[in-house]
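Here's the letter readout for the chains.
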Amino acid sequence: MLTQDFYSIDQFLVSQQTVPFKFFQPAESVGYLNPGGTDTTINQGDIVNIPIWLARSLVNNHFGQILTPQCLETSNKNMLISDPTACSLSEVPNIYEYGIQLASIGSGMEDHRAFLTQIWGPRFQEILTKSHTYNRELDRSQISRLSELEKKIFAGSTDAIQQLEDWHAGGTEQLKASKLAQT
Amino acid sequence: MINQERQEFEQLSFPEIEFLAEEEIVDIIPSIRTEEEVDVVTGRYGPFRPGEQTQVPLWMASLLRKKRQCTLCLPDWMREDSLIQTLNYEQTQGQFSALPFRYSEIAKLLLDTGSEDFQNSQKLRSLIHDIELTRKTKLEASIKQIERAEELRVVCHF
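Chains B and E are the protein sequences, given in the same order. Here the first sequence is numbered in UniProt numbering, starting from 1 and rising by one per residue. Here the second sequence is numbered in UniProt numbering, starting from 1 and rising by one per residue.
Bound conformation, chain B alone (with noise of 0.2 Å):
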């Protein structure tokens, strides 16, 4: 499960995020949830794109139902785990957070966690493969296929192998303060 920090940025931009939300019970004054509406009051039954932190405290509170959104639908995860290293994620940026969030909300979203897991164990592979032999000229198109989270662990791993040559080849270098002893 998602590692719950109250002070995660990432964390606290996703949960804003919006996911399609069915209502139980009328809820009055809160007609401007929905902005195709021109009623006060969101009916019973009413399908509205809320935010996940608000879609938490309604399901938690039994007023309704989360659905499942767009990018989550059965086609679209099909399509993903057919061959995972060839869809784009560039539309979904932020589709683990997003799905993390969703699942442990619980209420039939669950299933979520494991359809994540089939596509980001062959999707990370290829990244630590493709690490190795990254271009920055050429390989640009690659990079914007990636998931933001896929991208921050692409350019570590890129990073870290350029400083692990440059480790091995030695030669001089500035010396800095190591981090534990920096204040």
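Don't take each hint at face value.
What follows is a set of in silico ranges between Cβ atoms, one per label pair, in the way DEER data are often shown [to be verified]: (1) W77/E <-> Q142/B: 37 to 45 Å; (2) T54/E <-> Y7/B: 48 to 56 Å; (3) R79/E <-> L164/B: 24 to 32 Å; (4) T133/B <-> R125/E: 16 to 24 Å; (5) G45/B <-> Q11/E: 49 to 57 Å; (6) D159/B <-> S115/E: 28 to 36 Å; (7) A160/B <-> D112/E: 20 to 28 Å.
Derived from the structure by calculation, the hints contain no laboratory data. Just so it is clear, the structure is predicted and the values come from calculations on it, not from any experiment. Backbone N, C-alpha and C define an ideal beta-carbon position, used for all residues, glycine too.
Got chain B sorted already, so can you dock chain E onto it with the hints?
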């Protein structure tokens, strides 16, 4: 904030890891004589007798070798036949062989400092490099096991 501090603590640079590896105890043959023990933070070493093999931390061994006051000795795991055996094991078995935790850094320090003390230092470097590559390939291949994990734990350290 707390997460950021933890990230900086965990991301040691390679020179820092090399510094930690210098605490490894290795064998040397001193060419100097000391009457008393050398008292340092991590313990007492010596007294040194010329030609008498003794054990000191790697940082001390490196310092003495640079001053040409000792000869470095290869650890058992770093002998050519042991490395060949280790490489064969890594290439044929799914598990990792038993090597010191910072074997790569220890080997680099020993070979950089005392290559003249060893008969086949280039061969040893090549074997160490091959072992590193084999273990890295094995790690990457083991990622497939994540597909069978029931839970996905995402802890972003970037």
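Here is how each hint holds up against the structure:
1. W77/E <-> Q142/B: 37 to 45 Å: 39 Å, holds
2. T54/E <-> Y7/B: 48 to 56 Å: 51 Å, holds
3. R79/E <-> L164/B: 24 to 32 Å: Taking Cβ atoms as reference, R79/E and L164/B lie about 25 Å apart, which means the hint holds.
4. T133/B <-> R125/E: 16 to 24 Å: Taking Cβ atoms as reference, T133/B and R125/E lie about 23 Å apart, which means the hint holds.
5. G45/B <-> Q11/E: 49 to 57 Å: Given range 49 to 57 Å: holds, Cβ gap about 51 Å.
6. D159/B <-> S115/E: 28 to 36 Å: 29 Å, holds
7. A160/B <-> D112/E: 20 to 28 Å: Roughly 21 Å apart at Cβ, these two residues keep to the hinted range, so it holds.
No hint from the list above goes unmet by this structure.
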